[in-house]
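> Order-wise, the sequence lines are chains A and B.
Using our numbering, the first residue of the first sequence is number 16, and each one after it goes up by one.
Using our numbering, the first residue of the second sequence is number 5, and each one after it goes up by one.
The set of hints was computed from the structure by calculation and includes no laboratory data.
These figures come from a predicted structure and were not determined experimentally.
The C-beta atom is built at its ideal place from N, Cα and C for all residues, glycine as well.
It is possible that some hints are incorrect.
Straight-line alpha carbon distances no greater than 27 Å define the calculated DSS-like cross-link-like pairs of lysine-lysine that follow [said to hold, decoys possible]:
#1 612/A <-> 446/B
#2 466/A <-> 127/A
#3 446/B <-> 379/B
#4 612/A <-> 379/B
#5 45/B <-> 127/A
#6 90/A <-> 214/B
Not everything, but these chain A residues come out facing chain B in the computed CB check (under 8 Å) [to be verified]:
#7 484
#8 487
#9 578
#10 605
#11 609
#12 619
#13 621
#14 624
#15 627
#16 628
#17 630
#18 635
#19 637
#20 638
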Amino acid sequence: MDAKFIITWLIPLFPFAGWFLWGLFGKYFKGYSGYIASSFVVISFILSSILFFIVSYTHGFTTTLYPWIHAANFKAGVSAVIDRLSVVMLVMVTGVSALVHIYSIGYMQDDKGFARYFSFLNLFVFSMIMLVISNNLLLLYVFWEAVGFCSYILIGFWYEKKSASDAGKKAFIVNRVGDFGFAIGIFLLFITTGTLNYETIFKMIPSIPSITVTIIALLLFAGAVGKSAQFPLHVWLPDAMEGPTPVSALIHAATMVTAGVYMIARFHVIFSYSQFASEVVLTIGTFTAFLAAFIALTQFDIKRIIAYSTISQLGYMFMAVGIGSYTAGIFHLISHAVFKGLLFLTAGSVMHGLAGELDLRKMGGLYSKMRTTAITFIVGGLALSGIPPFSGFFSKDAILADVYNKGFYFAWVIGEITALMTAFYIFRLIFVAFFGESNLDPEVHVHESPKIMTIPMIILASLALIIGFLGIPPFNNSIFYSFLHVDFKNAYNFAPFVNSTPWYILSLISVLAGLIGICTAYLLYIKKVVNPETVKNIFKPIYALSYNKVYIDEIYNFIIVKPVLGFSNFLWKVIDISIIDGAVNGIASGFAFFGVKAKRIQNGMLMSYILTLTIGVAALLFYFFIR
Amino acid sequence: MLDISQVYNINFLEEGMLSVIPEAIVIIFAFIVLFLTFFEKLSKSDNPYYLSLISIGFSMLYILMLSGRTIDGFYGSIVFNRFSVFLFIGILFSGFLTILMSKNYIDNFEVPLPEYYSLILFGVASMMLLVSSNNLIMVFLSIEFMSITAYILTGYLKGNLRSTEAALKYFVLGTFASAFLIFGSVFIYAATGHLNLYNIHFFIVNIASKGLVNFGDIKIYLAIGLILFLVGLAFKMSLFPFHSWTPDAYDGAPTPVTNFMATGVKIAAFAIFLRIFSLIYNFNIMDFNNILWMLAILSMSFGNIAALMSSNIKRLLAYSSIAQAGYILVGIIGGGYYGYSGTLFYLLAYVFMTAGAFAVVIIFENFDLMSLDIKKYSGIGYKYPIVAAAMTFFLLSLAGIPVTSGFMGKFYVFSAAIKSRYNLLVLIAFINSAFAAFYYIKIIVRMYMPDKEELIASLNGVQRGGMSGGSDQGKPSGDFGIVNGKINEELMIVIFICLFFTLLMGIYPQLFINFAHNSISSLWNI
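Assemble the whole structure, with the sequences as input and the hints as a guide.
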């Protein structure tokens, strides 16, 4: 019962209490639930910061709330591992959550599900905290599913809207595919090592045959692919934008979707002992980064553009962890959480000002009307494009420099092209929405959002400006690197550095790529040097490919959904109705038959009771003597 | 065997008295409550009720003070050890909850109050004596003591036909079973020459160690004795062919008494069986595990099938208690350290979940409009959300769904049986508990998703059916929709206590299982 124990367990306790309170008594609190829920998360954030300083000045520790199940060699407790990795994540999760909670008070003001919204948001924060600090596989899996559940329920928050509830279901089902692999990976890990505890597992990994490690790592990665929306399971994330925008900011940009990256960083020992699995991670990450950026080029729904950019940025993070640069991956995770949360909140502010309008073609010239929103959005856009001194520059270039210096040139080239496309699509959005001529619906009264929404945006914008300086001096001797890399000292160095190209050359290339993207967008959409329509007609097939999201949804529909539906129909009509229902009804009538017999035994007649009793005695004696 | 030198031991009487202090307190208070009858003023008010609660509190206090000690009293016929402490706590909780539940229920009837509470206290004391007895005569005496209080309490609603009928049936069958019990004891004595359980234990160990496979007549006598003794105990545990009293007695008795029988009698009977089994039966010279194996499977299957067919909630819970007895037996069959401690855990969990369910039943019986028919539970999920939620939790616990104590109990019991390689038994038990979930969840479904017609039927013209007819049968029923049934605080306290422990045992079982481990280790500490 020391201070560390209390602080550690108070952090998840507050959001948990919030979930409980608003869930049960939400209607009594009315509008106050938003303020109290936010203050709960703020307290969690303060406690996390205290924990952060404790850990940075002393050392990590493990603390157990209680031993949950303890049967033979199966030990699972509610216990936490607090090391530098988890405190960094804790501060990020609770900090972004606190800002999003405050923002939500304004955004969800008149919604009839106000208390329900905060209840689930608090449940999500609780689950995410537990996911980050858990120190065994069972707890990890429980909360891995719990955050998925919260995501599902918050995507479908406006469940009267069919598209929203469908999107929730899609997210849930697509995640099922990945989680199936994840669960099998956990089982396999438990069978091979005989324990669920991380530390014990990591100690045993070097002595396990590498083929087993590879299979386990790939199965775990399947879970990450689902949760972090990587190709081929990325299709749920754009649809998830049907949920309230603060939810998109918190769950589908800053925290939950990064759980896959965090998981790989946490299990770095497993992944680093399997070069093949790591290369798969790198390949999937690189491909997804490129694919999502390519799709984002031509979309018109502003939230979907940002969603694709999230998928693309997550691809960068997977590139980093795929080459063993775990600190670079986590650094990008943190800085991405800040600027992507900012972009979503500002997009929400735009929606708020335009009465829910999301279509880029119906915007324009918003800069003069919503100055705060526009400026903070541009800050987010610059950070995303990797323009110094914004945070994206430091974190993304740390990844790309490592990719280059470790000799993965192809991935590096793709990464630079993606950076160029990223700068283009985000500034296309900015130029079309905030500058140029207005295509607004004249009936919409455009207004700036209330203070309670703009203040979190401003805080995030200033963070996006300053957080990158944790990355100086650039790259592998930065403040952040030297803080975090002690946690990854057990990793096997499977990809050593082969080049030592100095950072300024590599960043120059990246910044150039970003500037080219911005300039292209400027020339196309502000200066109108070439009409965008002409460009579109020149590259017609490629444009169609990008605009239709590479037809992935259609392909899945054709290959998977249709056959499954047909098969289900067959199961329903033939197997279920005639065979299973028949069998169930048969069994039920069989039991009814037995039940009637049983009732005959229990007929209320004393004589027959005595008879059954005597028969029982006789049977027992008989059994004994014939044995 | 009487050892004359012990009589002159100075500490003998003190030790003897010390070993029964918890029981003695309860008995003394029972007499005080009984004497209140002579003072009309005192007996009319709530005094008997409060005195009973206080006595249980005192007894608990003494148990806590003495816990950890092992005291042999009265030539070793009473043993107070940690095993007894665990069960004392279970029994006292059962008695405590029963008394709390009785308050408003018994007030509904024109029956003398002090006797009722004193009988409950006598019942509690007899159960405590039973679990700490270590001598065949002591076992028989306390079982009789316990049974007689149970007979009287079952028929306590004078003038109510069902109650009287149930009491008579219970009495006749109980006497019949007691005959087997005493007859079995005689055979055991004839075979071994001992009455003390430890001595019988050593006698059998001796035979087993000498490798005497055919020890002639002794073995036959011993086997007949053990089988008949088992029959007598199986009757109290309501295992399948000896269960026939259970549904009728549970149904006919006043509901708090039903709860007392379902929780107190059951754990006392199982506890003494566990003690005797671990000392005597557990030597495979007789193949008793096979017999128990069959009894367990028959009990579960019969209980579940019959519960499925019953539409009266008290009968349903009675049948489900038969099935639960089957599951508990799995732990005893599984045996060993883990099996026995799992059994103790399950017994304690069973007390709380069953008492909670009965408390909810009483709440609706007290409304005077709700019959015991399950159909009448339609839609109460909306009218009484907290009570219905509690009932849902207790039913889920009985069905063995995770996060509840019922799940952890089943987990420990079944895993112990798996460890002893009773795979088929556990498989059948699994199928049974999957099947049992059906009728538990059926009630939950009724509470939250009523059929329209049923709801209308429950709103209009509800007459109080079931056993508690008696005086108020045919009383015009009010419109259920407007009756604002007040839920008594006592019943809410019961529900919250049960909820608390059911949840705690589900999410933090380690606390209780460690306690059970300690208790079990004292069982072998002869």
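> Hint compliance check: list the failing hint numbers for this structure, sorted ascending.
5, 6, 7, 8, 9, 10 and 19
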